[in-house]
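Based on the hints, put chain B in the right spot on chain A.
Residue numbers (my numbering), protein chains in the order written: chain A, 12 to 512; chain B, 12 to 512.
Hints were generated in silico from the structure; no laboratory data involved. Hints may be right or wrong, so weigh each one.
Repeated chains share a single entry, so a pair holds when one copy, or any two copies, can fit it.
When the alpha-carbon atoms are kept at most 25 Å apart in a straight line, the in silico DMTMM-like pairs for lysine to aspartate or glutamate are as follows [as the list claims (entries may be wrong)]:
1. Lys-15 to Glu-507
2. Lys-385 to Asp-17
3. Lys-396 to Glu-374
4. Lys-133 to Asp-205
5. Lys-110 to Glu-290
6. Lys-103 to Glu-362
7. Lys-110 to Asp-17
8. Lys-110 to Glu-71
9. Lys-128 to Asp-232
10. Lys-61 to Asp-286
11. Lys-144 to Asp-25
What follows is each chain in one-letter form.
Protein chains: 2
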Amino acid sequence: MQAKLDTLNSKLKDIQNINHAAAVLGWDQQTYMPPGGAAARAEQLSTLSKISHEMFTAAEIGELLADLAQAEFDYDSDEASLIRVIQRDYDKARKLPPKLVEEMSRTFSMGQQVWTKARAEKDFSQFQDILAKIVDLNIQVAEAYGYEESIYDALLDQYEPDMKASDVQQVFDELKAELVPLVQAIAEHQEVVDDFVLQQEFDEQTQWDFGLLPLQAIGFDMQRGRQDKSAHPFTTSFSTNDVRITTRFHREMIASALFGTLHEGGHALYEQNSDPTLEGTPLAGGTSLGVHESQSRLWENVVGRSREFWQFYYPKLQEFFPKQFGAVDREVFYRAINKSKPSLIRVEADEVTYNLHIFLRFELEQALLTNSLKVADLPEAWNAKMESYLGLTPPDDAKGVLQDIHWSGGMMGYFPTYTLGNILSLQFYSQTLKDLPDLPEQFAKGEFGALLEWFREHIHRHGRKFTANELIQRVTGDDGIKAGPYLNYIKRKYSEIYELA
Amino acid sequence: MQAKLDTLNSKLKDIQNINHAAAVLGWDQQTYMPPGGAAARAEQLSTLSKISHEMFTAAEIGELLADLAQAEFDYDSDEASLIRVIQRDYDKARKLPPKLVEEMSRTFSMGQQVWTKARAEKDFSQFQDILAKIVDLNIQVAEAYGYEESIYDALLDQYEPDMKASDVQQVFDELKAELVPLVQAIAEHQEVVDDFVLQQEFDEQTQWDFGLLPLQAIGFDMQRGRQDKSAHPFTTSFSTNDVRITTRFHREMIASALFGTLHEGGHALYEQNSDPTLEGTPLAGGTSLGVHESQSRLWENVVGRSREFWQFYYPKLQEFFPKQFGAVDREVFYRAINKSKPSLIRVEADEVTYNLHIFLRFELEQALLTNSLKVADLPEAWNAKMESYLGLTPPDDAKGVLQDIHWSGGMMGYFPTYTLGNILSLQFYSQTLKDLPDLPEQFAKGEFGALLEWFREHIHRHGRKFTANELIQRVTGDDGIKAGPYLNYIKRKYSEIYELA
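In isolation and in its complexed conformation, chain A is listed as follows (with noise of 0.2 Å):
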């Protein structure tokens, strides 16, 4: 049994390799790259994932998993958990024909240049013909991966396999339930909070400066790890010791920065923090999109939009930006960054509202696979819902559709994640806050170490060996994501910032 796991050990070291080769490239595509350098990296990308998807579908790993099926590792071994895994990887990879993986490879990649030219020149008409291709493909994959009640379904698996999209529909119902009158309710108090203070211009670089701060100070090694700047901020990773993230900075828009190297701090912690003997595995890393998202959302919101971070924080910004923040009182501070109020970019939006944004691609992206809504028509659609959701519509294209990468890298199926992370937070930091109830004391004299520490131990370290509802379990005993505690949460912290009843 020991010469079958190292064997299947050393191809998926091979094939973990290749991925993380892609990796790179990726990351090089969004940073650094030329602009005359897309058409052959969609080609270098596209050879990576053919060759990759070739040597992991290959019937001897098959007959490796079944041999080793009959080992009796314990169930929280690594080995029985890579086993188990793997596995479940398999017979998905399987179940796509190497011609689909190679050209759904090119076509994302080519995707994310088309999507930001249109971006640059709001204008969804140059990116329609790409997007028709990509649904389809995805299309193709959902029938290739099959499905027992909904085409969703097949899509959402890749990114959270707990889930159905049924689900999704009831734990969502629940949220608008509760967030629909609160976003009503927040609206008629809307004088409250001023975030004046916020509409300022802040020097880039000095932005850059203090946000090395409190990423640092969470616990982002920057010897296993840096961060570069990006049209699209996101967190990636080559190993455990190479995890990178990117910000994107607004002269206008300071919070952009501040919250958005926090979001993908906590992403990078769960990489980063993943126990070394999973190095080069493929049970390193986040073990579902949803689960990733919780690390995500509690240190930029949990954590990073709390008044007990800035009673520390906040001195220290008035020592960077003294102009700006020199005469602003730190409640005033604290108020605004907490503002809510309906506005057409998810990823500035705040606690409240941004769940709505969810809402609403996650409904577009069910009516474009079910092919009930057609892309040519999806600009309008989307308007539409912004309209009915937040009472906004988007004056172009890049503020409206084509503001999210996801689509254009072949990613449908996803952005619900976003908001299962914004519940998983809170599920499992209510949790933590039973075994550490002085946490928000520590934050105030900027100590993060127990709270890294206490997710280190529950989550980060078992890398993918448990599944979501796995470690949902582990951790708070519940049976699956509920929704209370974010709920309990959004309301206590804006029924008191809004002076509500």
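Using the frame of chain A, we list chain B on its own:
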């Protein structure tokens, strides 16, 4: 035949994509990768080179080549050139056992990390063990390739396929006979040239900004390439449309960035100007390192250290650095950048003494490869030769045996190509001047298009289609490398500057 050619091209395309992916990883390793990423990066590169080697040495490639050898393509056609060049590459690659290829990649990647630290800490002893392994791997490679006269030939052939060590020795002897007395004569006239004007402090960002002017003026296309910073400058390409250079900037050494940028820019022009039909094929790029270096040295020295070049650029440089250059006469600056004096660092050496650094390395490499010198004794041997050739003793290993990256990356047999490039730059350029006698006047107006076009037409566009000797024959009519034009250029230029008889 067309079907077989298509099959071959399709396979080569995948292999080229993997090689280019590895090049992206190599670029990242030297520019942005955090220290923690080193171990995983070595594994990733090892996997890519193993897979590329396996795919390229597959029997099917050999069968396709054998069949295609029967086809009657015109010698100059892309098709005939591809078959010819790939047959040569294939025969070489088949001689290397896959295990050795994988071990080389892993060792060379780790070697660079070890060297970086050893160099920073000026401590050869840290590097000694892995260097011994690298020398041993190079000996294994040479034995696997086989050779007739000398083990060095087998390694040199990787970089300069038309040359043997004895050819190098012959042309080096010819150079030595003229350069050693010239260095002596210049030493007796040291007072004629003072480079105090370069011994000032120069803001790094301003150096960067200025450097972009000539870089773009000589024709480097920033839409199809970029510049970054690295400890050791290099040029790499992932496509003819994605060619990257790196430059190092020192506050106290403006010449390093000024001429380093032009040097790498010269390499980059060669890579960017392969004929578009060669894009993505193994024929894109440069035919040999000597020819490649002829392009970098052409732009760095023949153009970049000429009076005419600075007739145009010196007023601009004065605008960027008014404090440092505002009151300095152009002729004083011209002499300063051409000051010839024995120095410790190869890449900072002037045109006359530069080749002595190469003679030293050529001799040491031959001694290491024939086991007449032990790695443990290398620093001592280095210092003895520095004393003998240049009359200097390095104060530490960083300024001595650790200064170059090449050995750490596994490259032995590479250094002679630098001097071959110096020689070839003039062998070609003396031909250019026959066609375009007014080039220097064009430089004085900041015009470099005609020079680039001449090289594009005669050298660049052919990529790897013709060998170095074939190109020399086609461009100059000579039957191989000839030191005459280079020696004439050096003697004329330096006799004038140093007012020698």
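Hints versus structure:
1. Lys-15 to Glu-507: neither (59 Å within a copy, 74 Å between copies)
2. Lys-385 to Asp-17: Close neither inside one copy (49 Å) nor across copies (38 Å); limit 25 Å.
3. Lys-396 to Glu-374: Cα proximity of Lys-396 and Glu-374: one copy only (9 Å, versus 74 Å across).
4. Lys-133 to Asp-205: neither (30 Å within a copy, 57 Å between copies)
5. Lys-110 to Glu-290: between (31 Å within a copy, 23 Å between copies)
6. Lys-103 to Glu-362: Intra 35 Å, inter 61 Å, cutoff 25 Å: neither.
7. Lys-110 to Asp-17: Answer is between: at 18 Å across copies they meet the 25 Å cutoff, but 30 Å inside does not.
8. Lys-110 to Glu-71: both (20 Å within a copy, 21 Å between copies)
9. Lys-128 to Asp-232: between (34 Å within a copy, 19 Å between copies)
10. Lys-61 to Asp-286: The answer is neither: 29 Å in one copy and 28 Å across copies each exceed 25 Å.
11. Lys-144 to Asp-25: For Lys-144 and Asp-25, the Cα distance is within 25 Å only across copies (24 Å; inside one copy 31 Å).
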